[in-house]
Amino acid sequence: MAEEQLLRIKDLDLRFYTYEGVVQALDQVKLQINDGETIGVVGETGCGKSVTGLSELNLIPPPGKIEAGKVLLLKNEQWIDLLRQRDAYLRTVRGNDISMIFQDPKSALNPVYTVRQQIAEAILHHRREELCLKLLEDSKNAVEALKQSNLSENEKAKLSNSVLSRREEQMLQRFSENRRDSFVRIASRIPFLNRFKRKFDREVRKEVVRMLKDMRIADPDRVAEMYPHELSGGMAQRAVIAMALSCNPKLLIADEPTTNLDVTVQLQILTLIKDLKKKYGMTIQYITHDMGVVAEMCERVAVMYAGNVVELGEVKEIFKNPLHPYTKALLECIPRPGMEFKSIEGFVPSLINPPEGCRFNDRCPYAMDICSSDKPKFVKPRKDHQVLCHLYVGEFE
Amino acid sequence: MSSMLELEDLKKHYSLTGGILRRKVGAVKAVDGISLVVKKGETFGLVGESGCGKTTLAKTTLRLLNPNSGNIFFDVPDEVKERIRTLQKEKKAGVELRKLRGQWDLAVFKGRKLREMRRRMQMVYQDPTRSLNPRMLVKNILLEPLVVQNIAKGSAGLKRVSEILQRVGLGDRHMYRYPHEFSGGQRQRIAIARALITTPKLVFLDEPTSSVDVSVRAQLLKLFQELHKDFDLTYLYISHDLSVVECIADRVGVMYLGKMVELARTSELYERPLHPYSIALFSAIPVPDPTFKRERVILSGEVPSPVNPPSGCRFHPRCENAMQVCQTQEPKLIDVGNEHLIACHLFSK
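In order, the protein sequences belong to chains A and B. Per our numbering, residue 1 is the first one in the first sequence, and the count goes up by one each step. Per our numbering, residue 1001 is the first one in the second sequence, and the count goes up by one each step.
Derived from the structure by calculation, the hints contain no laboratory data. All C-beta atoms in this analysis are idealised placements derived from N, C-alpha and C, irrespective of residue type, glycine included. Certain hints may be false.
[Unchecked claim] Just the calculated beta-carbon pair ranges, DEER-fashion:
#1 A:S373 - B:G1041: 45 to 55 Å
#2 A:S107 - B:E1096: 54 to 64 Å
#3 A:P61 - B:V1148: 39 to 49 Å
#4 B:V1095 - A:M339: 32 to 42 Å
#5 A:G394 - B:N1133: 28 to 38 Å
#6 A:L59 - B:D1241: 23 to 33 Å
#7 A:R382 - B:E1330: 35 to 45 Å
#8 A:R222 - B:E1096: 53 to 63 Å
#9 A:L59 - B:L1114: 36 to 46 Å
#10 A:D221 - B:K1092: 24 to 34 Å
#11 B:N1133 - A:A88: 31 to 41 Å
#12 B:E1330 - A:K206: 56 to 66 Å
[Stated by the list, open to error] Reference listing, derived: stretches of chain B covered by chain A, where coverage requires no fewer than 3 residues with Cβ under 8 Å from a Cβ of chain A:
#13 1120 to 1134
#14 1236 to 1243
#15 1290 to 1296
#16 1330 to 1336
[Claimed, not checked] Derived DSSO-like pairs: lysine-lysine, alpha-carbon spacing no greater than 30 Å straight-line:
#17 A:K383 - B:K1293
#18 A:K279 - B:K1081
#19 A:K213 - B:K1059
#20 A:K278 - B:K1222
#21 A:K106 - B:K1059
#22 B:K1201 - A:K342
#23 A:K316 - B:K1293
#24 B:K1201 - A:K274
#25 B:K1040 - A:K316
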């Protein structure tokens, strides 16, 4: 089954240059994301789940630096390496092709802007042209419709509302071609001349309310004018999701979107994300540490440990036949009633001096001599199931 | 089994003030009439969503907050409890009642009596980064309760500190370090050691594993179970992580907006929740098994504000089975057999 791939991460190396030393946060991370799937990325704190997501957007903050590797995105049937693009180009990708939901919705929102202003920002940036053309189109249609005589007064008033004057049309045309057109910029500050801008803003507002409605927010008109502190955790997360989806991205990176929420709210958000995925047909990369949520949401899972992807496979396969010793241990850590609590011996190693060879070797119950000297390779012992471990040999290619 | 802790109609309202004169304009009814019996030696789980009053209940029981009304009996002989109850029913504020309550009811304790009581009940807080003083050595953090309670001083105190550190899986080498030098799991161990150093009988665990990873969580839970046996403790385990509570608790109470809505033995409650809220809550637990599918009850809307809780049953605006009576009358907690208590009009016949 050859599925279409959307994003490929190839041998990504990420280092953080701190005062204590060089943190090797990601070490030859490989990951392929197929079009239309939900892929889970699981692991404990500090294993590199979130920075993998950030690398895909080339958003690593200093002192972090990507040393090697590629992040290839399929855009217009071409593979584009996002790590070697100019910022101006990346801005057309971020939010438009790939967008991200962050862990804490309250800190992801700007406290001094209303929800509407914040969602509108992404729409203004990526969909200005589309909305301008839509207004022009509407105006044309309205003129056509007004020529028919069998209309009630009410309908007429409605239609004439969306008819644009010639000057407004000109302005919108120019605005759609260039956001920074100086003529348009000056005109939008002059009374009477700026009518086109007001009509445009009204269109954006409509779009924002439509997005909020899609997020199943009751009374979206009122919520749009609220500030983040007025929202509950669940509501704020919905607003953030609305922002991320406002430009219809192909890939949505969800970084622990439900970690701070209660189970009942978590269920609401998870069902919402599932339904939205069906509706918008996007690909989701779901970063989490909760195995329950992974089982619920994902089709494939990548398990990460200390900056490596140690196992990659279909969700049922991973839960039923985990291959990597770390995955096995992690699954045993889940408390089950009537069973003794099991945990993993030892501690997560410091990534400034990661263990030689396999990074799990000092905690691994199956460790062999080779594990502490040689780095394991990513092998494929089963179909659609890859693992980074010396215990296995690749039979499938 | 005899009872260790008994709460009777406990209320804690935070008053809201407004205007220039700071007049009382309302109250957040965080804990609104909770009755509860915790038996000796058991682990009692308390679950509910954030803001339902779990932590307030624990703090009020410890008298870190003063209750507005209600009784707290901690290790009180039955005949005394009975006498206080009858006196309270007669509604005469007599000398005898005041005297009895002053002697036995934790809700009105003061001064030395209160401090003595606190030696016997302790609490482990949610976030160890915030509950440990960053400017104190671990040694001093653990020594402080001993000094305050006048249990041990100097070298005798240090000996106890080293003993308790070993018991929670740390060692003498950790004594002269500051909290920031430890990982999250180790910090929580220090917090546990601080709670246990006065040899309490009852320990409140307020979401002790919410800030740590899965593998560390399992280590801590194991430690809790060992200490429970070795120190002969009674736990009140507060959590919103329902799967953990299922594994550790003997009995579980479900709270919603300051009220107890259901209370039963763990296996009974998880297999057969009866209250509509519990059904929705337990069905929302994500199951770590991709082949497992269960029917989900998705609650609409959000938890109402505890300032103006809905009239009657507090869950009725979100309840699928709401009836006329739910809007007006508040359901009482009744026993439906098998030690299963529930507050819902569906079961009150």
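Now for the hints, and whether the structure bears them out:
no.	hint	in the structure
1	A:S373 - B:G1041: 45 to 55 Å	holds (52 Å)
2	A:S107 - B:E1096: 54 to 64 Å	holds (56 Å)
3	A:P61 - B:V1148: 39 to 49 Å	holds (45 Å)
4	B:V1095 - A:M339: 32 to 42 Å	violated (56 Å)
5	A:G394 - B:N1133: 28 to 38 Å	violated (54 Å)
6	A:L59 - B:D1241: 23 to 33 Å	holds (31 Å)
7	A:R382 - B:E1330: 35 to 45 Å	violated (58 Å)
8	A:R222 - B:E1096: 53 to 63 Å	holds (57 Å)
9	A:L59 - B:L1114: 36 to 46 Å	violated (53 Å)
10	A:D221 - B:K1092: 24 to 34 Å	violated (57 Å)
11	B:N1133 - A:A88: 31 to 41 Å	violated (50 Å)
12	B:E1330 - A:K206: 56 to 66 Å	violated (44 Å)
13	1120 to 1134	violated (count 0)
14	1236 to 1243	holds (count 3)
15	1290 to 1296	holds (count 4)
16	1330 to 1336	violated (count 0)
17	A:K383 - B:K1293	holds (25 Å)
18	A:K279 - B:K1081	violated (61 Å)
19	A:K213 - B:K1059	violated (40 Å)
20	A:K278 - B:K1222	violated (42 Å)
21	A:K106 - B:K1059	holds (27 Å)
22	B:K1201 - A:K342	holds (27 Å)
23	A:K316 - B:K1293	holds (13 Å)
24	B:K1201 - A:K274	violated (47 Å)
25	B:K1040 - A:K316	violated (43 Å)
In terms of the numbered hints stated before, the structure departs from hints 4, 5, 7, 9, 10, 11, 12, 13, 16, 18, 19, 20, 24, 25, listed from lowest to highest.
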